[in-house]
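Residue-level listing of the chains:
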Amino acid sequence: MAVTALSAAESKRLSPRLRKLEDERWLAMALLAPTAILLGLFIAYPFFEGVLLSLSSARVGDPGHFVGLKNFHKIWDDSIFRTTVWNTFWYTGVTTVFKLALGLWLAILLNRHFKGKAIIRAFILLPFIIPTVLSTFAWKWMFDPTFSVINWSLFQLGLITTRINWLGDPDLAMTSIIIINIWRGVPFFAITLLAGLQTISPELHEAAAIDGARPWARFWHVTWPLLMPVTLVVVLFSVIQTFADFQLVYVMTGGGPANATHLFATYAYQLGIGTGLLSEGAAISLAMFPFLFVIVVVQLLYIRRVETR
Amino acid sequence: MAEVSLHKLNKKFDTTHVVKDVDLQIRDKEFMVFVGPSGCGKTTTLRMIAGLEAITTGEIRIDDRVVNEVPPMDRDIAMVFQNYALYPHMSVASNLAFGLKMRKFEKAEIEKRINNAAAILGIESLLQRKPRQLSGGQRQRVALGRAIVRDPKVFLFDEPLSNLDAKLRVQMRVELKKLHERLAVTSVYVTHDQVEAMTLGDRVVVMKDGLVQQVGEPLELYNTPANRFVAGFIGSPAMNFADVTLVENGGKPLAEAEGLRIGLPGELAARARAKAGQKATLGIRPEDIHIATAADAPEYCFEASVEVVEQLGSEILLDMRVGPALMVASVEPTLRVRAHDKLKLALKPERLHLFDAESEAAI
Numbered sequence: 001m002a003v004t005a006l007s008a009a010e011s012k013r014l015s016p017r018l019r020k021l022e023d024e025r026w027l028a029m030a031l032l033a034p035t036a037i038l039l040g041l042f043i044a045y046p047f048f049e050g051v052l053l054s055l056s057s058a059r060v061g062d063p064g065h066f067v068g069l070k071n072f073h074k075i076w077d078d079s080i081f082r083t084t085v086w087n088t089f090w091y092t093g094v095t096t097v098f099k100l101a102l103g104l105w106l107a108i109l110l111n112r113h114f115k116g117k118a119i120i121r122a123f124i125l126l127p128f129i130i131p132t133v134l135s136t137f138a139w140k141w142m143f144d145p146t147f148s149v150i151n152w153s154l155f156q157l158g159l160i161t162t163r164i165n166w167l168g169d170p171d172l173a174m175t176s177i178i179i180i181n182i183w184r185g186v187p188f189f190a191i192t193l194l195a196g197l198q199t200i201s202p203e204l205h206e207a208a209a210i211d212g213a214r215p216w217a218r219f220w221h222v223t224w225p226l227l228m229p230v231t232l233v234v235v236l237f238s239v240i241q242t243f244a245d246f247q248l249v250y251v252m253t254g255g256g257p258a259n260a261t262h263l264f265a266t267y268a269y270q271l272g273i274g275t276g277l278l279s280e281g282a283a284i285s286l287a288m289f290p291f292l293f294v295i296v297v298v299q300l301l302y303i304r305r306v307e308t309r
Numbered sequence: 310m311a312e313v314s315l316h317k318l319n320k321k322f323d324t325t326h327v328v329k330d331v332d333l334q335i336r337d338k339e340f341m342v343f344v345g346p347s348g349c350g351k352t353t354t355l356r357m358i359a360g361l362e363a364i365t366t367g368e369i370r371i372d373d374r375v376v377n378e379v380p381p382m383d384r385d386i387a388m389v390f391q392n393y394a395l396y397p398h399m400s401v402a403s404n405l406a407f408g409l410k411m412r413k414f415e416k417a418e419i420e421k422r423i424n425n426a427a428a429i430l431g432i433e434s435l436l437q438r439k440p441r442q443l444s445g446g447q448r449q450r451v452a453l454g455r456a457i458v459r460d461p462k463v464f465l466f467d468e469p470l471s472n473l474d475a476k477l478r479v480q481m482r483v484e485l486k487k488l489h490e491r492l493a494v495t496s497v498y499v500t501h502d503q504v505e506a507m508t509l510g511d512r513v514v515v516m517k518d519g520l521v522q523q524v525g526e527p528l529e530l531y532n533t534p535a536n537r538f539v540a541g542f543i544g545s546p547a548m549n550f551a552d553v554t555l556v557e558n559g560g561k562p563l564a565e566a567e568g569l570r571i572g573l574p575g576e577l578a579a580r581a582r583a584k585a586g587q588k589a590t591l592g593i594r595p596e597d598i599h600i601a602t603a604a605d606a607p608e609y610c611f612e613a614s615v616e617v618v619e620q621l622g623s624e625i626l627l628d629m630r631v632g633p634a635l636m637v638a639s640v641e642p643t644l645r646v647r648a649h650d651k652l653k654l655a656l657k658p659e660r661l662h663l664f665d666a667e668s669e670a671a672i
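Line by line, the protein sequences give chains A and B. According to the working numbering, the stretch in the first sequence is residues 1 to 309, in order. According to the working numbering, the stretch in the second sequence is residues 310 to 672, in order.
Think of the hints as simulated: they come from the structure by calculation, not from any bench. Heads up, some of the hints might be wrong.
As the list claims (entries may be wrong) - Examples of chain B residues lying across from chain A (beta carbon under 10 angstroms, computed):
| no. | residue |
| --- | --- |
| 1 | G360 |
| 2 | P381 |
| 3 | D383 |
| 4 | Y396 |
| 5 | H398 |
| 6 | A402 |
| 7 | L409 |
| 8 | K410 |
| 9 | M411 |
| 10 | K413 |
| 11 | A452 |
| 12 | L465 |
| 13 | V524 |
Please read these numbers as outputs of a predicted model, since none were measured by experiment. Where is the CB? At the ideal position from N, CA and C, for every residue including glycine.
Take these sequences, add in the hints, and give me the full structure.
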């Protein structure tokens, strides 16, 4: 009784505008509005503008006109674009496999009890925390043909006799950026998978040990299936980020040598901003969309299946 | 056929010494219960038998084999965990089958064993479900089933009933007892619940601070506790204690405290006489106190003032003050008594316990 009397008295004092918020539909809208506006302004609008741009003949200094799918047709015949598509898949695929394998390995190591556990876990995150551009510049020095510390070490160890031109050779350049991406991405995998591992009760491992499962069998039959939902989410995040990676390649190679390391984002930037062919750049950016869309949908469906299983 | 023997077993975690010189022979087919308050080392001892915890010093044998360095899987034991530890991503059937698959059993044999265990536990209809689709009691059965299918030499139970509600716990307790009679496998059972210990155990080990306080059959612990701790831990409501001084009055030994002057009978008198003049603790169980009648010798009577009356239906518990001490008496449910009543009570002299004030050991 006292409660109803109080709330009645309170609603009397509310202004009509505020009273409207007692209706959940209005309240929901009011609460969603800030996010919706931000997403609309910074994601939906640029995306929409990008689509329009890709269907026009705009270049720097020329707003251009509607040309339909001509830009897409053009990039389809572009051999650099085809290299870019292949590069992006190769780059994403190889790095994801290595990041997952190394990240999982590291997570399992970090999941044990040892002295200084907390500090090691914090240090593991360093590559992830340092701004990509900074750490990539450091790597650039390490791969520098003249000053490369890697070459110096290999030379001192007697493993090589001549300099390796890490970033000058097309295949080595790709390998180099893959190594850096793995270095940068492993902490994210390790820490997230570690969090996942910690949700698995140690009792399950003990039960499996008593049940006769050796360490590898325990990993395969207990840890791996229980970690699967977390693994899939991490892989999903990583694939999206890696597929659309820009900074690393831009700083290391700028897409070179001879366009050997271009990814969607760097090639779109080079063509759109570098050469001023805004519409073609937009078309390349958008070409990422169907690929990513398919990857994401497949993974999300799979995650849902794993989680409801 | 399996005996388990622990010899001078010790466990240290860094600087904490959690299990101290435990010596124990667990006989073939025996149901041995470890009981004690949390942190007494009972679970650690069990985990050392399972091989989940390394042994600091000492020796564990299963039959005649020293298993100190034998990994859990090769000890031929099965364990039921407190939180069941069912594999959440596997069906009940797969949970039961896992241990057998790992040991490369034939498919037909696995199926036979699963069906057999499921029938014993009444979980045939649950075999295709996932653990999360089961109630607590059902999960408990599956956990038991996983141990049963293995047909091991020894069953280890780590507080298996502590996550069940009170009613289910009583029910599962009875079932565990029946199951043990049926399977007749050597079992080691850890609990902090003395009722479980008393009802399930062929023998009970009472532990405290890593030390075995007493090993014996349930009634042995109840009737002749080795020390004050066991006396207070076993039995509910707990034994009453009063700090007394042992005196001799005209050649008769007495236990004296403020408001209390109790004669000591027979053998107890002889043992108390040797300690005349010393402090001691007098122990008497609530059920061994009754309202005094003309038949009770005055030296076993005392006066008490009732503070709280707890009506339990089958009995009445009286919380009373005797001098400075608080005591509980369990009396006939037909008695009419109210708080603040002054009563004259008597105790059964043959049920008196005396404990040394220093060592707390039974006198």
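Comparing the hints with the structure gives:
1. Annotation: interface hint on G360 (chain B) holds; nearest CB of chain A at approximately 8 angstroms, less than 10 angstroms.
2. Among the interface hints, the one on P381 (chain B) holds; its C-beta lies about 5 angstroms from the nearest C-beta in chain A, closer than the 10 angstroms criterion.
3. Proximity of D383 (chain B) to chain A holds as hinted, the smallest CB-CB distance being about 8 angstroms (cut-off 10 angstroms).
4. With a cut of 10 angstroms, the hint placing Y396 (chain B) at the interface with chain A holds, because the nearest CB-to-CB distance is about 6 angstroms.
5. Among the interface hints, the one on H398 (chain B) holds; its C-beta lies about 5 angstroms from the nearest C-beta in chain A, closer than the 10 angstroms criterion.
6. With a cut of 10 angstroms, the hint placing A402 (chain B) at the interface with chain A is violated, because the nearest CB-to-CB distance is about 14 angstroms.
7. Interface restraint check: L409 (chain B) against chain A, minimum CB-CB distance 8 angstroms, threshold 10 angstroms, status holds.
8. Checking K410 (chain B) against chain A: minimum C-beta separation of about 9 angstroms stays under 10 angstroms; hint holds.
9. For M411 (chain B), the shortest C-beta to C-beta distance to chain A is roughly 4 angstroms, which falls under 10 angstroms, so the interface hint holds.
10. Annotation: K413 (chain B) was flagged as interfacial toward chain A, and the flag holds, the nearest CB pair being 9 angstroms apart, inside 10 angstroms.
11. Contact between A452 (chain B) and chain A, as hinted, is supported at the beta carbon level, the nearest pair being about 9 angstroms apart and thus within 10 angstroms.
12. Because the closest C-beta pair between L465 (chain B) and chain A is about 8 angstroms apart, less than 10 angstroms, the hint holds.
13. Against a cut-off of 10 angstroms between C-beta atoms, the interface hint on V524 (chain B) is violated, since the closest Cβ of chain A lies about 26 angstroms away.
Hint check: violations occur at hints 6 and 13; the rest are consistent with the structure.
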